[in-house]
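> Throw the hints in and build the complete structure from the sequences for me.
These protein sequence lines are chains A and B, in that order. Residue numbering for the first sequence follows our numbering, beginning at -7 and increasing consecutively. Residue numbering for the second sequence follows our numbering, beginning at 14 and increasing consecutively.
Rather than coming from a laboratory, the hints here were simulated on the basis of the structure. Note that this is a predicted model, so its numbers are computed, not measured. Built from N, CA and C at the ideal position, the CB exists for glycine as well. Worth double-checking, as some hints may not be accurate.
Derived DSS-like pairs (lysine-lysine); straight-line CA-CA distance at most 25 Å [unchecked claim]:
| id | chain 1 | residue 1 | chain 2 | residue 2 |
| --- | --- | --- | --- | --- |
| 1 | B | Lys391 | A | Lys328 |
| 2 | A | Lys331 | B | Lys436 |
| 3 | A | Lys331 | A | Lys273 |
| 4 | A | Lys127 | B | Lys63 |
| 5 | B | Lys391 | A | Lys331 |
| 6 | B | Lys917 | A | Lys316 |
| 7 | A | Lys331 | B | Lys355 |
| 8 | A | Lys306 | B | Lys355 |
| 9 | A | Lys55 | B | Lys82 |
| 10 | B | Lys355 | A | Lys328 |
| 11 | A | Lys185 | B | Lys391 |
| 12 | A | Lys185 | B | Lys436 |
| 13 | A | Lys321 | B | Lys82 |
Simulated coverage check for chain B against chain A, where a stretch passes if three residues somewhere in it have a Cβ under 8 Å from a Cβ of chain A [stated by the list, open to error]:
| id | segment |
| --- | --- |
| 14 | 254 to 268 |
| 15 | 328 to 342 |
| 16 | 357 to 365 |
| 17 | 642 to 656 |
| 18 | 878 to 892 |
| 19 | 1005 to 1013 |
Restraint-style ranges between C-beta atoms, simulated for each label pair [claimed, not checked]:
| id | chain 1 | residue 1 | chain 2 | residue 2 | range |
| --- | --- | --- | --- | --- | --- |
| 20 | A | Asn292 | B | Thr459 | 27 to 33 Å |
| 21 | A | Gly247 | B | Ser187 | 33 to 39 Å |
| 22 | B | His877 | A | Leu310 | 31 to 37 Å |
| 23 | B | Gln118 | A | Asn292 | 57 to 63 Å |
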Amino acid sequence: MIHSLFLINSSGDIFLEKHWKSVVSRSVCDYFFEAQERATEAENVPPVIPTPHHYLLSVYRHKIFFVAVIQTEVPPLFVIEFLHRVVDTFQDYFGVCSEPVIKDNVVVVYEVLEEMLDNGFPLATESNILKELIKPPTILRTVVNTITGSTNVGDQLPTGQLSVVPWRRTGVKYTNNEAYFDVIEEIDAIIDKSGSTITAEIQGVIDACVKLTGMPDLTLSFMNPRLLDDVSFHPCVRFKRWESERILSFIPPDGNFRLLSYHMLSWDVGKINPQKLPSLKGTMSLQAGASKPDENPTINLQFKIQQLAISGLKVNRLDMYGEKYKPFKGIKYMTKAGKFQVRT
Amino acid sequence: MSAAPAYSEDKGGSAGPGEPEYGHDPASGGIFSSDYKRHDDLKEMLDTNKDSLKLEAMKRIVAMIARGKNASDLFPAVVKNVACKNIEVKKLVYVYLVRYAEEQQDLALLSISTFQRGLKDPNQLIRASALRVLSSIRVPIIVPIMMLAIKEAASDMSPYVRKTAAHAIPKLYSLDSDQKDQLIEVIEKLLADKTTLVAGSVVMAFEEVCPERIDLIHKNYRKLCNLLIDVEEWGQVVIISMLTRYARTQFLSPTQNESLLEENAEKAFYGSEEDEAKGAGSEETAAAAAPSRKPYVMDPDHRLLLRNTKPLLQSRSAAVVMAVAQLYFHLAPKAEVGVIAKALVRLLRSHSEVQYVVLQNVATMSIKRRGMFEPYLKSFYIRSTDPTQIKILKLEVLTNLANETNIPTVLREFQTYIRSMDKDFVAATIQAIGRCATNIGRVRDTCLNGLVQLLSNRDELVVAESVVVIKKLLQMQPAQHGEIIKHLAKLTDNIQVPMARASILWLIGEYCEHVPRIAPDVLRKMAKSFTAEEDIVKLQVINLAAKLYLTNSKQTKLLTQYVLSLAKYDQNYDIRDRARFTRQLIVPSEQGGALSRHAKKLFLAPKPAPVLESSFKDRDHFQLGSLSHLLNAKATGYQELPDWPEEAPDPSVRNVEVPEWTKCSNREKRKEKEKPFYSDSEGESGPTESADSDPESESESDSKSSSESGSGESSSESDNEDQDEDEEKGRGSESEQSEEDGKRKTKKKVPERKGEASSSDEGSDSSSSSSESEMTSESEEEQLEPASWSRKTPPSSKSAPATKEISLLDLEDFTPPSVQPVSPPAIVSTSLAADLEGLTLTDSTLVPSLLSPVSGVGRQELLHRVAGEGLAVDYTFSRQPFSGDPHMVSVHIHFSNSSDTPIKGLHVGTPKLPAGISIQEFPEIESLAPGESATAVMGINFCDSTQAANFQLCTQTRQFYVSIQPPVGELMAPVFMSENEFKKEQGKLMGMNEITEKLMLPDTCRSDHIVVQKVTATANLGRVPCGTSDEYRFAGRTLTGGSLVLLTLDARPAGAAQLTVNSEKMVIGTMLVKDVIQALTQ
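Right under this line is the structure:
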């Protein structure tokens, strides 16, 4: 499916290549560079570029183009989804995904890519499994490696791939057992010239950071699960249980992961006193000497409200089964502006 | 830029500052000599004995490969290290090999033997990785070796190795397509695999090697549908896409009736009364046609696919959601397609590349199924921050969704877009307005006026685009728009965009009769600037001249001749040609010119108004979600989406043979209603089988085990919250059953009740489940026998490859296959024994002895109901091979709830186990209602010791510490062997391995039957036929180590007897002797 991957920076240098089948010459990227030149901005490079013998599918993240080369029919989203998974994995491994970081860790990157695909078909894409195969670098380990001359390749055979919960690595141990959940909601809205709302919707996610020993089995219940109508889940969530009881029951992956995301079309503001209409005022000043823009610009708003989920979603309780220690549990709510635009 | 500093700096693993030294630009590797030097020191490092140096060298080599630098000259030095003990070095060597083996085929062969050895490793992960590398090195000469390895691995007992085999198939196929037929056989075998781990990979192999062999899918269709939800995401995409194609060949169109109605509806909507009359007419014809066609009933298998894919719309993976969406679009009845809209709209929040692909598909869908996305109109509104390509696609969707009712909103939205600073986007918006105007007659004038206003826009591009669109709109009703044309004519002074100028000229020429005074003047101006114009404008000037000459030759004759003369000497031959052609046509020549008489007709014929169509129209003949759809061109390897068949092919091809059905018969009938009647574990399914994460299937699997153990009542009626759904599902799968099954169902009810009765009889020594059910089944109906046969055989078939392996794969160090005295080393299945019964010489006592009808120790208490606060737990050793791991003792755990509240979430907590001992937990029991009981199976690998396995039994609220200590007799499994084999083996286990003990048999214990029963009750051994009447022989193997345990009881007259146990494991032998004597003398 996926033949090769090229990592290209915004100035058009190929700084990493990986082939899963026969080697595809890097000259295939010339077609990509052409498209890159044509597009005024990086975001406008078409994600799918046909060339005479190959197809180039790319994603652009962290100022890097991840260009996959494919030769035969394959669902484009399959490749795009995979490329994003690659970026997420790098981010998970190195904290940030950037050209210097990738160059610094080129061996680990190469090994991770080797494990992620077999003959171009995804093999191990769960970062928990990958971390069992290839340990992510830490400062301590880098120091140790320098002294002992070892690498980050796991010295034990990974059993995660065979496990009943393929997303969780085995033998997890922590001295402090903790589980944090962040309910983050973003408001996407378009406000028109006159101040009336054209669209407003809420995009919510529950991001988790779970550091629990062993094989904990968690259930998370909501005060008002009915609010969640359009939801997508991490594969660890038992879908049937959600369907029947509206309870999230899951054995969590180790570390950071997105438990679920949801989407709400309506945004209920609640009661507002008509005498005291809330209003926000702001002024926009142009740089001195700059000419007035041709058109009325659109204003993008950014704001944050701590400890509030604007949809009213509330977590009721979190229970853990399967382990006998008492974990530390935490939940945080936050509302942010998503794509909040005011047209002028 | 010497090599040394680069090396030392890079040593740290994080080569930050040292990096650019040699990495940055491969092209600049101009310093050839230093390159050579460096490679030399790499070679030296690889030749040392120090792993750390080797590792350092390999790291640098891999870094070179990653940067695209050539490291092939190091091949000999690297390949030497393929057998390196250090796993880190080894891994990097593999990485290198896979990259360069193709270029250095001869040298690569040196490494093959290492992988062949790896293929036989007892560790499944090593076997898998050996196969993975072996199949990745693309050296044609090893094709036969690969073929063998794949075939072997395809019947490996580890599902992970089988998955790797599936991955290897396309690799071999691309290396040598002549192997196709053999590979198809392997694919066929792996398609029948019942584990989720394999399913996705084998379907991928199927799609790459033999997508045309749709017939291979029939038998696996239902299984694939049922497994789907537990397959990993990538596999899901591949399976769904393949099943879409499959369904298109096997089922009837669910919209065949609807499509007629749809047409009528549309006519009625748009049409005048006449049309309506016609519509009614066609409805009649439809009605008339209906009887000739059978009323449509959806095939239950078609329904099964739709039902099982629907939950995946909630996957986090955009690729899976898209796959399900396209499946619904292509396969679902119109009324059901709507569900995908919400999921697709949700994807619009994702990365812009995902949006790009999703919007392309939504654009195609929204043409055919506009209603589906109408409620989400606002989700397609454009934000100033969207990339241009996303904006344009959203515009496309908005235009497709526009209709009489929402057009005001849409147009208002468009108005704001026109003010955008992104000019490409504005141009697209103007075209979109044009399309709305042509599609929705009501707003045509509004749109036209709006566009005309845009003509005074400051931006020339906007004006130009407007002109082009106005031109198209005017063609629809030119007569009313003389004013607009005049307005446009004035623009020729200012507007420079060629396409716009050309459009204006065409308009004036075409409708010169409406602007008789202006047209000649425009021509005059254009004639002046003719030489400076772009080609398309020149052509239109000629065109305008010709038309004016024909209508108004008095005023324009000279001008026309002037223009034509200019054109005659133009640099562009198109223009010269056009000029010559036009002149001949319009100017009557002396030859009479038959054509010129018709010139007016030629030039001024009424022209049909252009239709502004979406570029996504009819794109749905490509499978949605595919690359070909996105490119609107067939990509290599694209599989056409077939049209629905006229007549449905025989649905019975998907029926699976009877044994498959009856296997879960009896009490499991209820289960199979719930869903995958064959998706749950057979003997060979690995641990991943239980990876099933959703509670329904969990409860299902444990109730399955409960039914195995014979407590039929535990598959309780009060079972599930989502009963409705179950019932619905039940209906579905019930109807899946062919009629003959229906008949059987009535039969099945009988044994069901029996099972309940016997298990509720607590007093009776609860007999080992399966044998009991088997006995019932044997007595009830013989049909069931093959079922239990097929259930039990896998362990023995598993052992087969182990012996075969030696002869097949060992090309390097070939040894003649050692003749194993004991033929199949693994556990002889009870039913196999039953089948062999007829072949043996001994009397019928053999059967009970091998069947081990009584589990050795009876029920043991694990947790007393007082200690357990109402939860009482017993366990028995079922003596059945534990599915998934043959080294495990399978223990049946019986739970009963004597409290008055339901006990929830029963599962095993962290076991604290002595070294070597491992536990395969039973799936969590969701809930146990008061008064109810349930049974679960867990596997324990005691590691051939009688150490207790301690673990926690957890409920939602409590945790209980429990422990299971096995009697020594349960640590083994029977082996079937002949008398001679027995003696031969016994001969090998003399001396220290033999323990002999004398005893007196009490009077009560002198009949054959009782002796055999007592021994087999104590130890899980199989009886060995024996020539002499007062000698009894039993044989078994320990579960973990597989050491033989041979037991001989020599009964002399008058009760004196001698017991001999031969076993490598002396401790086991000693304990066994003690236990057996105790059993016999009591």
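> Decide, hint by hint, whether the structure agrees.
Here's how the hints hold up against the structure:
Note on Lys391 of chain B and Lys328 of chain A: the hinted pairing holds, with a Cα-Cα distance of about 21 Å set against a maximum of 25 Å. The hinted pair formed by Lys331 of chain A and Lys436 of chain B meets the criterion: a straight-line CA distance of about 22 Å does not exceed 25 Å. For the hint pairing Lys331 of chain A with Lys273 of chain A, the CA-to-CA distance comes to about 19 Å; that is within 25 Å, so the pair holds. A distance of roughly 22 Å separates the Cα atoms of Lys127 of chain A and Lys63 of chain B; the hinted pair therefore holds under the 25 Å criterion.
Between Lys391 of chain B and Lys331 of chain A, the direct Cα distance comes to roughly 14 Å. Compliance with the 25 Å bound is thereby established for this hinted pair. With a C-alpha separation of about 16 Å, the suggested pair Lys917 of chain B and Lys316 of chain A falls inside the 25 Å cut-off, and the hint holds. Distance check on the hinted pair: Lys331 of chain A and Lys355 of chain B sit about 19 Å apart at the alpha-carbon level, within 25 Å; holds. Using a Cα cut-off of 25 Å, the hinted pair Lys306 of chain A and Lys355 of chain B holds, with the two alpha carbons roughly 24 Å apart.
Our distance criterion of 25 Å between C-alpha atoms is met by Lys55 of chain A and Lys82 of chain B, whose separation comes to about 24 Å. Distance hint between Lys355 of chain B and Lys328 of chain A is fulfilled; the C-alpha atoms sit about 23 Å from each other, no more than 25 Å. As the CA atoms of Lys185 of chain A and Lys391 of chain B are separated by approximately 17 Å, the hinted pair is consistent with the 25 Å bound. Distance check on the hinted pair: Lys185 of chain A and Lys436 of chain B sit about 21 Å apart at the alpha-carbon level, within 25 Å; holds.
Of the pairs offered as hints, the one joining Lys321 of chain A and Lys82 of chain B is violated, with about 50 Å between alpha carbons and a cut-off of 25 Å exceeded. Counting residues of the segment 254 to 268 of chain B whose beta carbon lies closer than 8 Å to any beta carbon of chain A gives 1, which falls short of the minimum of three for the stated coverage. Counting residues of the segment 328 to 342 of chain B whose C-beta lies closer than 8 Å to any C-beta of chain A gives 8; at least three are required, and the coverage claim holds. Counting residues of the segment 357 to 365 of chain B whose CB lies closer than 8 Å to any CB of chain A gives 5, which reaches the minimum of 3, so the coverage claim holds.
Under the rule that three or more residues need a Cβ within less than 8 Å of chain A, the assignment of the segment 642 to 656 of chain B holds, with 8 such residues. As drawn, the segment 878 to 892 of chain B meets chain A at 0 residues by the rule of a beta-carbon pair under 8 Å; below three, the given contact is violated. Only residues whose beta carbon comes within less than 8 Å of a beta carbon in chain A count, and the segment 1005 to 1013 of chain B has 0; fewer than three means the coverage is violated. At roughly 31 Å, the beta carbons of Asn292 of chain A and Thr459 of chain B sit within the given window of 27 to 33 Å.
Separated by about 37 Å at the C-beta atoms, Gly247 of chain A and Ser187 of chain B satisfy the suggested range of 33 to 39 Å. The given range of 31 to 37 Å is respected by His877 of chain B and Leu310 of chain A, whose C-beta atoms sit roughly 32 Å from each other. As the Cβ distance of Gln118 of chain B to Asn292 of chain A is approximately 58 Å, the hint placing it in 57 to 63 Å holds.
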